Amino acid sequence: MTPLLLASVAAHGATTEAVFSWWSGLQLVGALIFVLAIFLVLVWVLKRFQPGVTGSSSAILRVVATLPLGTRERLLLVDLQGQQLLLGVSPAGISLLHVLEQPLTPPQRNLPTDFSGWLRQAMERRRKGTWHETPVCEPTAAARRGDSSAPPSAD
Numbered sequence: 073m074t075p076l077l078l079a080s081v082a083a084h085g086a087t088t089e090a091v092f093s094w095w096s097g098l099q100l101v102g103a104l105i106f107v108l109a110i111f112l113v114l115v116w117v118l119k120r121f122q123p124g125v126t127g128s129s130s131a132i133l134r135v136v137a138t139l140p141l142g143t144r145e146r147l148l149l150v151d152l153q154g155q156q157l158l159l160g161v162s163p164a165g166i167s168l169l170h171v172l173e174q175p176l177t178p179p180q181r182n183l184p185t186d187f188s189g190w191l192r193q194a195m196e197r198r199r200k201g202t203w204h205e206t207p208v209c210e211p212t213a214a215a216r217r218g219d220s221s222a223p224p225s226a227d
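As numbered in my numbering, residues 73 to 227 make up the sequence shown, in order.
Calculated directly from the structure, the hints in this document are not laboratory data. Bear in mind the structure is a predicted one, so any value in this text is a computation, not a measurement. Beta carbons: idealized from backbone N, C-alpha and C, even for Gly. Hints may be right or wrong, so weigh each one.
To be verified - Label pairs and their in silico Cβ distance ranges:
#1 Arg146 x Ala194: 26 to 36 Å
#2 Leu118 x Thr143: 56 to 66 Å
#3 Arg197 x Trp116: 31 to 41 Å
#4 Ile166 x Ser96: 46 to 56 Å
#5 Lys200 x Phe111: 43 to 53 Å
#6 Val115 x Trp190: 45 to 55 Å
#7 Leu141 x Gly189: 22 to 32 Å
#8 Gly102 x Arg144: 27 to 37 Å
#9 Pro140 x Leu176: 46 to 56 Å
#10 Ser93 x Gly142: 52 to 62 Å
#11 Arg134 x Trp190: 22 to 32 Å
#12 Ser162 x Val136: 16 to 26 Å
Please model the complete structure; the sequences and the hints are all you need to start from.
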């Protein structure tokens, strides 16, 4: 505060109070946490009860396979109550490309769908000793030239 302002405050007998106290700071943080908690609960409720997103096989409409063609274009194979439709999706819209007479079944792969499953499968393969079934690295340039595999000396 400037000396002139201090003199006028002292002359009027007023005291200066703290503009920001610890209690008001705690109230602010508490309100922020409360608003964020409500937001997260609403997001969870909307995701949980959104129709058709459950991923169950009893859903009326489900995506069987997808093939990205570009950054914004893709092909979708959609199952609609046993009838499969091939759809083209682009920024311009969605187009029906073909209706399949015989439903296709995607090949079953033993790949895990999430990272934790992939990690568990990789750790089991490592424990069994089948981690490197195929060579993963190419021969080095020195081996291709016919040089010895010993590292160069520091002479």
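Now for the hints, and whether the structure bears them out:
1. The hinted range of 26 to 36 Å is satisfied by arginine 146 and alanine 194, whose Cβ atoms lie roughly 29 Å apart.
2. A hinted range of 56 to 66 Å for the beta carbons of leucine 118 and threonine 143 is inconsistent with their spacing of about 28 Å.
3. Look at arginine 197 against tryptophan 116: about 35 Å separates their beta carbons, and that is inside 31 to 41 Å.
4. Taking 46 to 56 Å as the suggested C-beta distance range, the pair isoleucine 166 and serine 96 conforms, at roughly 53 Å.
5. Taking the beta carbon of each, lysine 200 and phenylalanine 111 are about 46 Å apart, inside 43 to 53 Å as hinted.
6. Judged by the Cβ atoms, the range 45 to 55 Å given for valine 115 and tryptophan 190 is violated: they are separated by roughly 27 Å.
7. In this structure, leucine 141 and glycine 189 meet the distance hint of 22 to 32 Å, their C-beta atoms being roughly 28 Å apart.
8. Taken as a hint, the range 27 to 37 Å is violated for the pair glycine 102 and arginine 144, whose Cβ atoms sit roughly 43 Å apart.
9. Checked against the hint of 46 to 56 Å, the C-beta distance between proline 140 and leucine 176 comes to roughly 18 Å, which is inconsistent with it.
10. The hinted range of 52 to 62 Å is satisfied by serine 93 and glycine 142, whose Cβ atoms lie roughly 57 Å apart.
11. At roughly 23 Å, the beta-carbon separation of arginine 134 and tryptophan 190 lies within the given 22 to 32 Å, and the hint holds.
12. Hint check: serine 162 to valine 136, Cβ distance near 19 Å, so the stated range 16 to 26 Å holds.
The structure fails hints 2, 6, 8, 9 (numbered hints given earlier, in ascending order).
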